[in-house]
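Undergrad: Between the sequences and the hints, there should be enough to build the whole structure, so can you do that?
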Amino acid sequence: MIADNFFILAIILFSIGIVGVVSRRNLFVIYMSIELMLSSVNLLLITLSRLHNSLDGSVMALLLIAVIAGEAAIFLAMIIQLYRSSRSLDSDDFKDLAQEKGINI
Amino acid sequence: MLENNIFIILSLFLVGGSLGMILFKETIFSAFSFLVAMLALAGEFALLNNSFLFMAQIMVSVGAVVVLGLMVIITLNKQDKNLPNEEHKFLWIIFSTILVLPFSLLLYKALSSLHLSFEETKEGYGTLKMVGETLFSRWVLPFEAVSVLLLSAMVGAITIARKDDYSKKEEK
Numbered sequence: 001m002i003a004d005n006f007f008i009l010a011i012i013l014f015s016i017g018i019v020g021v022v023s024r025r026n027l028f029v030i031y032m033s034i035e036l037m038l039s040s041v042n043l044l045l046i047t048l049s050r051l052h053n054s055l056d057g058s059v060m061a062l063l064l065i066a067v068i069a070g071e072a073a074i075f076l077a078m079i080i081q082l083y084r085s086s087r088s089l090d091s092d093d094f095k096d097l098a099q100e101k102g103i104n105i
Numbered sequence: 106m107l108e109n110n111i112f113i114i115l116s117l118f119l120v121g122g123s124l125g126m127i128l129f130k131e132t133i134f135s136a137f138s139f140l141v142a143m144l145a146l147a148g149e150f151a152l153l154n155n156s157f158l159f160m161a162q163i164m165v166s167v168g169a170v171v172v173l174g175l176m177v178i179i180t181l182n183k184q185d186k187n188l189p190n191e192e193h194k195f196l197w198i199i200f201s202t203i204l205v206l207p208f209s210l211l212l213y214k215a216l217s218s219l220h221l222s223f224e225e226t227k228e229g230y231g232t233l234k235m236v237g238e239t240l241f242s243r244w245v246l247p248f249e250a251v252s253v254l255l256l257s258a259m260v261g262a263i264t265i266a267r268k269d270d271y272s273k274k275e276e277k
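One line per chain: the protein sequences are A and B, in this order.
Residue 42 in the working numbering sits at position 42 of the first sequence, and the numbers go up by one each step.
Numbers given in the working numbering equal positions in the second sequence, counted from 1, plus 105.
Just to be clear, a hint being listed does not mean it is correct.
Claimed, not checked - Using 30 Å as the maximum straight-line C-alpha spacing, the simulated DSS-like pairs for lysine-lysine come out as follows: (1) B:Lys268 to B:Lys186; (2) B:Lys194 to A:Lys95; (3) B:Lys186 to A:Lys95; (4) B:Lys186 to B:Lys130; (5) B:Lys183 to B:Lys268; (6) A:Lys95 to B:Lys183; (7) A:Lys95 to B:Lys234; (8) B:Lys227 to A:Lys95.
Said to hold, decoys possible - To give a feel for the contact side, a few chain A residues facing chain B, derived at Cβ under 10 Å: (9) Ser40; (10) Leu55; (11) Leu97.
If you are wondering where the hints come from, they were derived from the structure by calculation, not from laboratory data.
Think of the CB as a built atom: it goes at the ideal place given N, C-alpha and C, for glycine as much as any other residue.
TA: Below, the structure is given as structure tokens:
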């Protein structure tokens, strides 16, 4: 096994997550992309922990898994609330906090 | 050699699943591709001698988080008109890929300059016993902080998703 392969894999996953957040407008895809970015950081932590032969990185990854679970609960509750209020899954439809003369894309 | 082959197969599943997640139009298909990606990621953890994290990933990320997401997608019972109309999806994806590419190359340069390589692991590396010992000796405070975070996330999720007066008005 070569360490660089694992680094490349983690970076590819993180980049796919960023691309998903930037380019898609479906709320579920945005949620899953954020989770993919968190998981790629997890992979990087575990690779570095294995490379340094210490378990601190693994414990950090374990705590990060708990953070991912909390993030999922909050995000899904938000999606349900937003869908209930406006019957849409389009992230462009939710601009209650925007200014009247905001930027229109 | 065998490890390399397993790594290649798992990476194909991982990258393919995550690409499918951002490319599919149907939400349920992207959720299933994400499920495949998370399972392959658990396999990568096992490849790195981390048996406990492998189990934790399968139980929490796959068994709880992704399945909860699938359940929400199914119960929302959305129609096609609820989904965003993304005409220029592939254009957006191509342009954001071009924008992200230099950043990824920079990250790769930074990480590969570490010049690390895999060595033989210690006895009992990555097992439940060793991870638990490390967790409860040097990582007690972060562990307690995470428990408070999970509690507040639970309260927050219940408060956000609860039916309130706003949705009652809509029903009338």
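Undergrad: Which earlier hints can't be squared with this structure?
TA: Per hint list: 7, 8, 11 violated.
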